[in-house]
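Engineer: The lines below spell out each chain.
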Amino acid sequence: MNSVVLARSSAGMGQTSSSVTGRARARRSPLPGFGLSLGFSLTYLSLLVLIPLAALFLHAAGLGPSAIWHELTSHRVLHALALSFGGALAAAAINIVFGTLIAWTFVRYDFVGKRLFHALIDLPFALPTAVAGIALTALYSENGWLGAPLAQLGIKVAYTPVGIIIAMVFIGLPFVVRTLEPVLEEAEKQLEEVAATLGATRRQTVVHIILPTVLPALLTGGALAFARAVGEYGSVIFIAGNLQNVSEIAPLLIMIRLEEFNYAGATALASAMLVLSFAILFAINMLQGWRRRHG
Amino acid sequence: MANRYRNSLVEPAPIRWLLIGVTLLFLGVFLLLPLIIVFVQALGHGVEAFFGAFADSDTKAAIKLTLLTAAIAVPLNTVFGVAAAWAIAKFEFRGKSLLSALIDLPFSVSPVIAGMLFVLLFGAQGWFGPWLSAHDIKIVFALPGIVLATVFVTFPFVARELIPLMQAQGTEEEQAALTLGAGGWRMFWHVTIPNIRWGLLYGVLLCNARAMGEFGAVSVLSGHVRGLTNTMPLQIELLYNDPGAYSAAFAVASLLALLGFVTLALKNFLEWRHGDELAALRGN
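Sequences listed follow chains A and B, in order.
All residue numbers for the first sequence refer to the working numbering, where the first residue is 1 and numbers rise by one.
All residue numbers for the second sequence refer to the working numbering, where the first residue is 1 and numbers rise by one.
These are computed hints drawn from the structure, not numbers from a lab.
Predicted, not measured: the structure shown is a model, and the values here were computed from it.
There's no promise every hint is true.
[Stated by the list, open to error] In silico lysine to aspartate or glutamate, EDC-like type, Cα no more than 20 Å apart, as pairs:
#, chain 1, residue 1, chain 2, residue 2
1, B, K138, A, E259
2, A, K189, B, E11
3, A, K189, A, D110
4, A, K156, A, E142
5, B, K60, B, D242
6, A, K114, A, E185
7, A, K114, B, E271
8, B, K60, B, E48
9, A, K114, B, E11
Go ahead and model the full structure; you've got the sequences and the hints to work with.
Structural biologist: And the structure:
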């Protein structure tokens with residue numbers, strides 16, 4: 001595909017749909033620039049995302065199934081995968097419970113400090129992960145503000161899987177709250193009023209009216225938080241302590257394999273993680289499709 | 001009767017207070033305390049030590065490298081985001097939903113894996129490794145690699161903000177401009193861009209915050225050469241692991257935390273001031 005053709009087709013106003021990408025054809029739009037914008041997007045996407053990802057899977061295919069199997073079934077690798085996916089699942093569950101509660105509180109109630117706290121919800125998106133990582137470690141280490149009292153209760157957080165889950169909760173929280181809020185805002189209060197006039201208790205209304213309305217969004221938000229937590233590196237590695245077979249997450253093990261120049265090991269583990277993550281992404285898309293059809 | 005009706009519309013006061021309390025406690029512990037402790041630790045050894053941390057030449061170099069990386073990666077992804085949003089929001093074509101899904105792909109790739117992709121392509125043992133070293137071009141463990149990794153992890157931000165916004169705006173205003181005789185680029189600069197500017201700014205802000213703060217992907221590709229290929233987040237890690245530089249690590253971290261804080265403040269300002277124009281973004 002050459003850029004001269006693309007540029008010319010965008011210059012010839014109003015008849016762009018006949019250009020370049022034969023399979024993807026614009027229909028019924030009188031606007032210009034379809035060929036140029038789509039051509040540029042596809043080229044950029046291919047060069048920076050698709051080709052590099054394809055290279056990884058080709059590399060993995062080149063290793064052969066038995067070598068990949070061998071790499072993936074070592075105790076250390078299995079532990080790292082179980083910790084990353086299990087920790088992310090636990091964190092997503094915590095975020096679903098508290099994220100729902102938080103979104104509900106913000107949408108339905110007024111209280112002092114609401115604006116400030118509401119603005120803070122996106123902090124995990126805006127705060128660099130390494131900063132979050134050392135901040136959480138400072139908080140939860142044995143002489144930290146939260147770590148010291150917890151240690152007196154016999155709970156050790158930093159350098160254990162508990163610390164990993166806390167970092168994953170931090171990084172995933174906005175996904176759940178932000179996915180849920182608009183749905184709660186748009187939920188028709190009339191339905192609740194109808195339920196109330198028909199004699200439903202508040203608990204019945206919440207369980208039978210509100211919960212089914214928000215459930216798809218809740219699952220979507222939870223899945224997004226899960227996907228992010230599985231691959232998370234910066235905010236986790238400082239608080240994790242990175243003990244082999246105890247608190248070593250899969251992304252860190254990939255990093256270690258790369259530093260050992262063990263590209264076969266790194267490729268096998270990365271491919272396994274990606275296949276699992278893409279399956280989750282696929283599930284999210286299915287969910288959203290389902291939500292659109294039935295929402 | 002009226003009372004019972006009301007009771008089944010709102011939660012009893014104790015439950016309300018409990019929910020508000022749990023919300024404030026959870027957000028306080030999980031979000032507010034980490035933000036506060038960064039600044040407390042940064043200033044733990046006094047203001048002089050705080051500013052002293054930035055006199056270090058390696059730290060200065062790291063700040064410069066971070067700014068340079070963002071200055072390359074953010075405009076690239078902004079141009080891509082506008083182009084992709086234009087194609088997806090204003091036209092119907094086959095494979096459109098697949099394209100939208102592919103744009104979001106980098107969000108579900110671990111940053112470490114993102115960095116690794118480019119090592120497999122451009123590293124010494126990678127596909128293009130021998131050719132690159134024969135031509136004396138360095139990508140891995142140098143600026144181009146750091147930029148590539150940053151572009152990858154910040155890839156979807158601008159497009160994601162613009163697609164729903166431009167879809168909601170439709171094509172009528174652009175069509176009117178064309179009917180009135182405007183050329184394609186004139187229509188784009190005078191109709192489309194003013195319509196999407198706040199959404200665009202919003203996307204660029206988030207993209208920039210992530211670009212300056214990216215750690216995992218850049219860590220794989222940087223090679224960690226002090227004063228040369230260390231970005232700010234990598235410099236924070238290096239200082240943090242140096243027992244004598246604990247508060248210096250937090251001093252540099254506080255600068256990035258400030259960036260995050262400003263990003264949040266601007267984001268909330270945009271939502272408050274231009275909420276109507278950004279309304280299409282909600283529910284997304």
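Engineer: Evaluate each hint against the coordinates.
Structural biologist: Structure-based check of all given hints:
Only pairs whose Cα atoms come within 20 Å are accepted, and K138 (chain B) paired with E259 (chain A) is accepted, the gap being roughly 18 Å. For the hint linking K189 (chain A) to E11 (chain B), the alpha-carbon distance of about 14 Å falls within 20 Å, and the restraint holds. Restraint check: the Cα-Cα separation between K189 (chain A) and D110 (chain A) comes to about 17 Å, which is no more than 20 Å; the hinted pair holds. Restraint check for K156 (chain A) and E142 (chain A): satisfied, since their Cα atoms lie roughly 8 Å apart, inside the 20 Å limit.
Distance check on the hinted pair: K60 (chain B) and D242 (chain B) sit about 17 Å apart at the alpha-carbon level, within 20 Å; holds. Note on K114 (chain A) and E185 (chain A): the hinted pairing holds, with a Cα-Cα distance of about 16 Å set against a maximum of 20 Å. Annotation: proposed proximity of K114 (chain A) to E271 (chain B) holds, straight-line Cα distance about 15 Å (limit 20 Å). Taken as a hint, the K60 (chain B) and E48 (chain B) pair is honoured in the structure, with Cα atoms around 17 Å apart against an allowance of 20 Å.
Taking the CA atoms of K114 (chain A) and E11 (chain B), the gap is near 19 Å; set against the 20 Å cutoff, the hint holds.
Going down the numbered hints, you'll see the structure goes against none, and every one checks out.
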